[in-house]
Amino acid sequence: MEDFDELYFTYSDRIYSYILLMIGDREIAEDLTQETFVKVYRSRDQFDGKSQFSTWLISVARNCTIDYLRKQRPVYLWPFEKLLKVSAPFSVETKVTQNESVQELYKQIGNLKQSYKEVIILRKIQELSIKETSEVLGWSEGKVKMMTLRAMEKLRVEMKGEVEVNGSIR
Amino acid sequence: MGPLDDRLKELRVLERDDDAKMRSFHQAKAKLYEPETKKDTSFGKLLGVPIALLSAVFIGFLLSYQWFGDNLGGPAIDEERTEPFVTSSIDHIYIGFGDSVDEFGLHDVNNPELDYVMIDDPEFLERFENDLNAPRTVVKRDFIPMLEVELVLENGEEVPLFFSISRESGVVETHVYQFDNGMMFQYKGDMVTELREFLMAEVDEKEEKSVTETIYYSLEAALQEFPYDIVTPGESPLGLLVDRVTIYAHGKDAFALHILYKETSNGDDKLIFGANISDENHSALPYDGQDLLDRNGRQFSFHNFGETADLNWEDNNFKYMLASVLAEGVDVGLEELLHLTDEMYGISIDNNHEEEQFKDSPLEKYAVFTEYDLGSYNDRIAEASAFYMGDDENYVLGFGHQAHAVIRYLLYEVDEETNEVRVIRRIVDSYQDQTEEFVEAEDWDGLIDFLLEYGQELDQLYFKYSGDVAEEEIELDGTIHNLYPVEVGENIHYFKEGKGLWMKVYNDEMTIVRDGGEHKEAIRITD
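Residue numbers (the working numbering), protein chains in the order written: chain G, 1 to 170; chain H, 1 to 527.
Hint data in this document are derived by calculation from the structure and do not stem from the laboratory.
A hint or two may mislead.
Simulated pairs of lysine-lysine, DSS-like, Cα-Cα distance not exceeding 27 Å [unchecked claim]:
#1 Lys499/H - Lys365/H
#2 Lys131/G - Lys499/H
#3 Lys21/H - Lys39/G
Quick look at which bits of chain H chain G covers, simulated, 3 or more residues with Cβ under 8 Å [said to hold, decoys possible]:
#4 440-447
#5 484-495
Rough simulated footprint, nothing fancy, chain G against chain H, three-plus residues with beta-carbon under 8 Å [stated by the list, open to error]:
#6 3-9
#7 16-28
Small disclaimer: the values here were computed from a predicted structure and weren't measured.
From the three backbone atoms N, C-alpha and C, an ideal C-beta is built for every residue, glycine too.
Same shape as in the complex, but just chain H:
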């Protein structure tokens, strides 16, 4: 990987204005409270041009109206409402919004229902009802969301609302947004703070707000509670260490074990796994998007949501979940999770399952047409190639670079009778427009034909198999590799079973003279 690649990565997350980011967040959230408009996809197309013209006129009208309106005193006000907003008495109120609930210590990640706090104090409700039924103005403007409020009326009606406050020129106003109908009311005064203050008082009075009791155990004690040896620190297939074990007790008979793992490879304090055991249903409920699979006689369901993935299963009336919970930059997928469960059940992981699968031809055994990348960025003998099979099985197209400097197309001819592959055509850094047309059209057969017609002719061995030649044990970076050598003139191509071209050793005079030294090696840089 070259320095250009490294610099490109620096563009992954660009500088961003925090205010703009938050404004974007609030506006996006406000949009979610607006009714979704359905697009007409058929008739509308026919009317596209006239509607566009009418829209342009209408937008022009709106802009003019807003311009003069703004200069004549604030945003456009539709009307003032005096009829009761709440036509039935309020029975109770639910208030919920992650951040604001957190402020009062009521947020409980293990029990989402606690995200909503109920207010049923009659005195407060009456005053609140009066506030809501006070004169109000219908307005349209940006606002900052602060609190979700759901009114439950005595007539059974549920009214979800969204409250925010604004302070402009010393005047505090509450904006109430109604879910579904997209209408926002504006009240004088600050209802949000009033609701919060009421909540604070409630929290002080009700110490027993949470139903979940958290008990911290030592690692040994926690693992004794667990029916299986989940992991021995340092021996996990992912090289993970148990960092902390927490047991959440849910009543008398239910508990959840939460094990936090640290990734050991980079020393970060990154939590990447949580494992829960509970006899409650919530941790193992199947939901949309899950794949079901059998492994070692157990049925697992797997769900992948973005950077997280979880595996659920049931055993002996317990429901288990193993999840990657913080996997940014860490690709923890199904196989890794399954490996962990194997280890939990004491099943040795079969690393040899790939053996015996290359029983056919040597070309398949040595995966001759596997994409490769040899040599480091500054290496003049570095090269890379990807392969494309055409309809004609005799030819394979190779596409890659040489020394990261020129683009190279090679055409390989395959002789399965003699187990031999030869390079017969080459185009290096020429015919760029023509070759790109084939690439754009993804016409690999066309590109093969083009190479046959216009490519530089050559006849160079790439791979040849003989039963008389044995694999060699070669140490590279402290690891022993069994590699199959193919002599190509003075040079040697080494192939690895199932992996393809692994190393090229250059003994030819031209390379030695050019680069100095006895011989040069270009070694595979990616597996």
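Chain G extracted, bound-state conformation:
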């Protein structure tokens, strides 16, 4: 059980942050972090070593998050792909950092559509490689590259709008 402790204290902050960015609710993020580590530990024999362990962890965390989102939706018969197009009930009021400009960035990410949000979180925040991101999302590497660029462009536009509204450069 000691290896569970090491696993948790090594990775849980990162996984929690990933889930919080996806969900936008601290309490739910804690619950899903907990669920992720229980699942990871119970299925640790299934890790085949072909990918980075942290990538596998994020995949499990993502599955937990998607499962949670699915349960929040009243329409049970929606296909999985359709679910991914729906944004999480993101609470932009959740304060995640003391840095105001980064907090603003967090809010804008929350406003992006789900596929943009996911690719930015994985590629730019979690700094997964294109290959790792493609494994987690089940996309081709080409799609990851293109969606990253598009998502970043959209985020820049949103951030620029924010600057113009507030009249200051953040």
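Position chain H relative to chain G; hints supplied.
Same frame as chain G, now just chain H:
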């Protein structure tokens, strides 16, 4: 990389409440002690809606029950048990839990078996047995795990337990969780502290608790013990310095050499390698997930577990392990470990193995369709492109940005007869919805067709090879590069063998007038 990228990185680890983190940890650990429930994946689906309805009613009932129960005095209590919990006398007890064992100095990372401390004092066991068989209450509530205890009974039965204590309103209780059956008992009193106090006394009496003796050698002396020159400080292929060498002596004939390396590039005191040599089996046992490979006549097994990776091999009845042990933020993989072993065996690393592999066409030699990123973030001539091959070999799709401001699709036409590549279509910052549909569907051929039909027509040289043109030696940032020049009007595209487009030099009037200066260069920013 732009400022937005830098700010995004700050979101990687967000602020987190320590109490919530620890609560999450304890609850996760408690869940691991609960029996795993199997999901019905077939019949259950058919019954999904009725079960959901029944569940809703049942949950409503539970919530009501808990609400009134809470207001009528504490958590719901199932029953009080008086029958013996331990039906056979306890022969001995194992106690183990990393943190608590550490407190008594019994934790030994080199011998996991020592994580469990045995108690076989008959007097203590009898009293403990009586405590366990005392009246107890079955409860369900959150608890803080403190100690793992395994009872070994005289009848041979092994009973793994998990002990925790709670203090509420001045009342101390011990909660005992049983692995597998998911049931938790609650006893009056504090058995955890009692067990710990007993352990403390044991430690005081038994000085020789550890079987492993640690001897510190000087670097020179340690390296003399090692059959090979493992590394000369400062000359490691990874730029590592030996920081400290420890030899663990295991009895008379066995030892393990542990060499700690420092990463020199950033000056951190980060330990990133450990190397062990031992004639014991534990350091080289193959286990699941290992890849086996041959190199220079030796067989290595490689295992990658998350941020760590290790390489194991056997030589002259010694078993060796080389491992990256703390690699957060440092990507130390198989190749780096193999390079270190090469150096240990005095095998020079062949850096020229990539030569002679581009014997085919110039397009392959200069890797013309390799993804590139030119120019810095604020540079107006910065650009990047990734390439996608369609089914039609005459066309290649390029996708990227221009000055980090607009998204750009380019269609390249390839003529392998003349070794020439030309840009024939372009879409810049338009048709966004249509192009995104192709991207979503990963339909590159569809996107190529779309560009052919709707893209802006142009005819611009991108690459052309001629045997009459030689590579040029160009110094960039203090390094000499051999680059192949392709004149594109007044501008020049420079390609590097095996790497693709390396630099663009703009001599055209429009760029010079716009940006000032004699000419502008956009240089590759990633290898």
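Requested in this report: Verify the proposed pairing of Lys131/G with Lys499/H, using a straight-line Cα cut of 27 Å.
Outcome: Status holds; Cα separation ~19 Å.
Query raised in the report: Are Lys21/H and Lys39/G close enough, with their CA atoms no more than 27 Å apart?
Result: 17 Å, holds
Query - Coverage of the stretch 3-9 of chain H by chain G, judged on three or more residues with CB within 8 Å - result: holds (count 5)
**Report entry** Whether chain G covers the stretch 440-447 of chain H (at least 3 residues having a Cβ closer than 8 Å to its Cβ atoms)
**Finding:** Held - the stretch 440-447 of chain H has 3 residues with a Cβ nearer than 8 Å to chain G, which meets the minimum of three.
Query raised in the report: Within 27 Å, alpha carbon to alpha carbon, are Lys499/H and Lys365/H?
Result: 9 Å, holds
Query - Three-residue Cβ test at 8 Å for the coverage of the stretch 16-28 of chain H by chain G - result: holds (count 9)
**Report entry** 8 Å C-beta test of the stretch 484-495 of chain H against chain G, three or more residues
**Finding:** Not satisfied, violated; 0 residues make the cut.
When each numbered hint is compared with the structure, a violation occurs for hint 5 only.
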